[in-house]
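Colleague: Respectively, the protein sequence lines represent chains A and B. Residues in the first sequence are numbered consecutively from 2, following my numbering. Residues in the second sequence are numbered consecutively from 23, following my numbering.
It is worth saying that the hints were derived from the structure and are not from the lab. Just so it is clear, the structure is predicted and the values come from calculations on it, not from any experiment. Wrong hints could be hidden among the right ones.
[Said to hold, decoys possible] Here are the simulated lysine-lysine pairs, DSSO-like style, with alpha carbons at most 30 Å apart:
hint: 1; chain 1: B; residue 1: Lys463; chain 2: A; residue 2: Lys141
hint: 2; chain 1: B; residue 1: Lys312; chain 2: B; residue 2: Lys211
hint: 3; chain 1: A; residue 1: Lys263; chain 2: B; residue 2: Lys376
hint: 4; chain 1: B; residue 1: Lys109; chain 2: B; residue 2: Lys276
hint: 5; chain 1: B; residue 1: Lys312; chain 2: A; residue 2: Lys314
[Said to hold, decoys possible] Reference excerpt, derived from the structure (chain A facing chain B, CB under 10 Å, subset only):
hint: 6; residue: Phe4
hint: 7; residue: Leu42
hint: 8; residue: Glu227
hint: 9; residue: Ala265
hint: 10; residue: Thr308
Heads up, the beta-carbon is just placed ideally off N, CA and C, and yes, glycines get one too.
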Amino acid sequence: MAFTPLKEKYRNKVAQITLGATADQGGTRTSTVTIGGEQALPFLHFEGEIPNKPVVALEVWDIAPTEWNACFEQYYGDVYSDPAAWAKKCVEEYGAEMICLRLKGADPDFGDKSPEDCVATLKAVLGAVGVPLIVLGCGKYEKDNAIFPAIAEAGEGENLLLGVGEQENYKTLTAAALGYKHAIIAQSPIDINIAKQLNILIGEMNFDTSRIVMDPTIAALGYGIEYGYSIMQRARFGALTGDKAMANPMIGNVGFEAWRAKEANASQDDFPTWGEQEARGIMWEATTAASLITAGLGIVVLRHPKTVELVKKNIDDLMVPATY
Amino acid sequence: MGLTGLQIFKLLPKTNCKECGVATCMAFAMALANAKASLDQCPYVSDEAKEQLDAAAAPPIKKVTLGAGDFTRTMGDETELFRHDKKFFNETVIAIMVEDTEDVAAKAEAFDKKVYERVGLTFYTDALAIVNASGDAGKFKAAVEAAMGKTDRVLVLCSEDADAMAAALEVAADRKPLICSATADNFDKMVELASSKGCPLAVKGANLEETVEMATKAFAAGAKELVLDSGSRQVSQTVADLTQIRRQALKRTKGFGFPTMAVVTAEGDMDQIVEAVSYMSNYAGLIALKADDDALLLPLLSWRQNLYTDPQKPIAVEPGLKEVGEVTPDSPVYTTTNFSLTYYIVEGEVEASKMPSYILAVDTDGISVLTGFAAGKFTGETIAAAIKETGLEDKVNHKNIVIPGGVAVISGKLEDASGWKVLVGPREASGIHKFVRENFK
Chain A
2 MAFTPLKEKY RNKVAQITLG ATADQGGTRT STVTIGGEQA LPFLHFEGEI PNKPVVALEV
62 WDIAPTEWNA CFEQYYGDVY SDPAAWAKKC VEEYGAEMIC LRLKGADPDF GDKSPEDCVA
122 TLKAVLGAVG VPLIVLGCGK YEKDNAIFPA IAEAGEGENL LLGVGEQENY KTLTAAALGY
182 KHAIIAQSPI DINIAKQLNI LIGEMNFDTS RIVMDPTIAA LGYGIEYGYS IMQRARFGAL
242 TGDKAMANPM IGNVGFEAWR AKEANASQDD FPTWGEQEAR GIMWEATTAA SLITAGLGIV
302 VLRHPKTVEL VKKNIDDLMV PATY
Chain B
23 MGLTGLQIFK LLPKTNCKEC GVATCMAFAM ALANAKASLD QCPYVSDEAK EQLDAAAAPP
83 IKKVTLGAGD FTRTMGDETE LFRHDKKFFN ETVIAIMVED TEDVAAKAEA FDKKVYERVG
143 LTFYTDALAI VNASGDAGKF KAAVEAAMGK TDRVLVLCSE DADAMAAALE VAADRKPLIC
203 SATADNFDKM VELASSKGCP LAVKGANLEE TVEMATKAFA AGAKELVLDS GSRQVSQTVA
263 DLTQIRRQAL KRTKGFGFPT MAVVTAEGDM DQIVEAVSYM SNYAGLIALK ADDDALLLPL
323 LSWRQNLYTD PQKPIAVEPG LKEVGEVTPD SPVYTTTNFS LTYYIVEGEV EASKMPSYIL
383 AVDTDGISVL TGFAAGKFTG ETIAAAIKET GLEDKVNHKN IVIPGGVAVI SGKLEDASGW
443 KVLVGPREAS GIHKFVRENF K
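Hey, can you work out the whole structure from these sequences and the hints?
Modeller: Pasting the structure below:
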């Protein structure tokens, strides 16, 4: 019996973005990453080209994250108060391909660090590691708008990925990224129409939309992940079938979401049938990551070193070209 | 994936005899396409047309049942490529592998205790897969018998030796285990076993093409309940094969219309779970793996639950009064809806605030705060009624309730209807931390 593989014919492909810049390119990074460029649904190599693999970033905070689960203490406890040393450890010991620096300390409720403080942290981290950086604000619009321009200027030439821009607050970020040639994260609240709209609005500021990484907002396993999963699948299918306003790589704050779940943190004493806490937490994070990777996630921001190992192996396995 | 009205019309007599009760054959064809009429109503339809129409009405992926008695699992009968187009129906069967060289009775006993509860739902590991690692028919039979004495869940019998399979089926056939697998070497004997014993059969070729050829032959030879194992043991090839099988089945390519299985090959227990997630997300009907640690299975089973949720039906938590932390009569009281996303986000933030509290989850049929407000399901009156029903007044020694900031307008009505004092909370759950610091500490 003849077997003819069924292949979709796509008209469009996902934008390809390179992040970070080496000395030749005007920056100080020792490596860059390139994501996107897919011409097929995730890992369906028989259907079209998948030129770049998803990459793994680890989260680093500018203040000690007091609410993180105690199991992180053994990995990061000695570097919690030193973002540069923390980032170095993530790259050199735990294999992070990018660092996601979260300027949580700028939050008026968590220390209210000044833009100058934030710039100092950025410079320290840039000096400590050679991988490309993602820099996230604190999430409070007014404060983020005070720090984004300073961060963008201080990181000039480094081709940072700055975030996040939201429908209510994207102009300052977009202008800052435009002025100093950075890429940006456009975040939408699990809503495909807002995701598309936001990309268009950012484009209207003369920002090159192929320099946008979409954050469709994922949720954690067990807490609505299927909404994010389906939005990502729809966005990717839409992108391939011709909707250029959604044809961007996607990023997900997997560690941040997964480690908020009760199942990642609850002790075995409280839930005897759930098994040991740290292994369960790692698996909660890894399962969140692996499921979203199959929906098209391009940058996976994680927390636990063991999860990095698991997710990188999964990505390598999925990137082996399968053909008919 | 049924036929269109026009396709059906071509198969009808086109005499417009009206005996079916409809004015024209075309109108009758349209009614058939919309499942508003039955072909029996036409007295003149030819047998040939009937066969074609029946075949088109059959599910694109055959339904296969594993197990017998109280614990059975259904595979196949799926209709979609993407869950958002409608939904996925039959949850992936998780089979935990145990070898017949191990202490199977003890393993089966431990396996049978694997029941997980979270968010008010119960998850089971569905099947125990007994692997004939010894290569010995007697040992395999004894292991299967030992497992049967310890668990009522589904059994998967893994041996490519037809004699060992025959021995095991002497004791296990009534349990309708999945016979795993028919291969090129044992094909005739395995197919004969499956059809004579009435058990489902996995068919494994060297690759997808060979697997489908074998399945077509097995079906013709009388083994009707089949499961396809494309033979791939490499992750991306398995993902590709599972995807091809689903696509071809929905297009009704011959030989593809059966449920699928995948075998996890990673060494590390955690790696096995991650590999299983890749297959589960890509249509696997059954996944066999060795990892059996509770801490690892809970996340995998949770992903299954999420993936198979009906996208059109909001998921609700049980409405009522929830306790977060060690509550006392002085603890604050929050209210929100019983839409699970909303509820769990609020619960998470309240928990993170480290202030033990009550959360009153009002029954809005599982819709969110603003939608519930607009639909008249999250109002001063419904919240006041929930306060009464849950006996909240006896649990706390105050009458203060925090409402979501988005519905501040209901404050007056709620105060009038309940006699409680309303505190308008933050618009987003992420503001709870700050709200607690400013109001309760």
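Colleague: Give a verdict on every hint.
Modeller: Against the structure, the hints:
1. Distance check on the hinted pair: Lys463 (chain B) and Lys141 (chain A) sit about 23 Å apart at the alpha-carbon level, within 30 Å; holds.
2. Restraint check for Lys312 (chain B) and Lys211 (chain B): satisfied, since their Cα atoms lie roughly 28 Å apart, inside the 30 Å limit.
3. Taking the CA atoms of Lys263 (chain A) and Lys376 (chain B), the gap is near 14 Å; set against the 30 Å cutoff, the hint holds.
4. The hinted pair formed by Lys109 (chain B) and Lys276 (chain B) meets the criterion: a straight-line CA distance of about 24 Å does not exceed 30 Å.
5. Straight-line distance between C-alpha atoms of Lys312 (chain B) and Lys314 (chain A) comes to about 18 Å, which keeps the hinted pair within the 30 Å bound.
6. The beta carbon of Phe4 (chain A) is positioned within 10 Å of a beta carbon in chain B (closest approach about 4 Å), and the interface hint is therefore held.
7. Nearest Cβ of chain B to the Cβ of Leu42 (chain A): about 8 Å, under the 10 Å cut. The hint holds.
8. A least Cβ separation of about 4 Å between Glu227 (chain A) and chain B falls short of the 10 Å threshold, and the interface hint therefore holds.
9. Annotation: interface hint on Ala265 (chain A) holds; nearest CB of chain B at approximately 9 Å, less than 10 Å.
10. Of the supplied interface hints, the one on Thr308 (chain A) holds, with its beta-carbon coming within about 9 Å of a beta-carbon of chain B, less than 10 Å.
Figure legend: structure checked against the earlier numbered hints; every hint is met.
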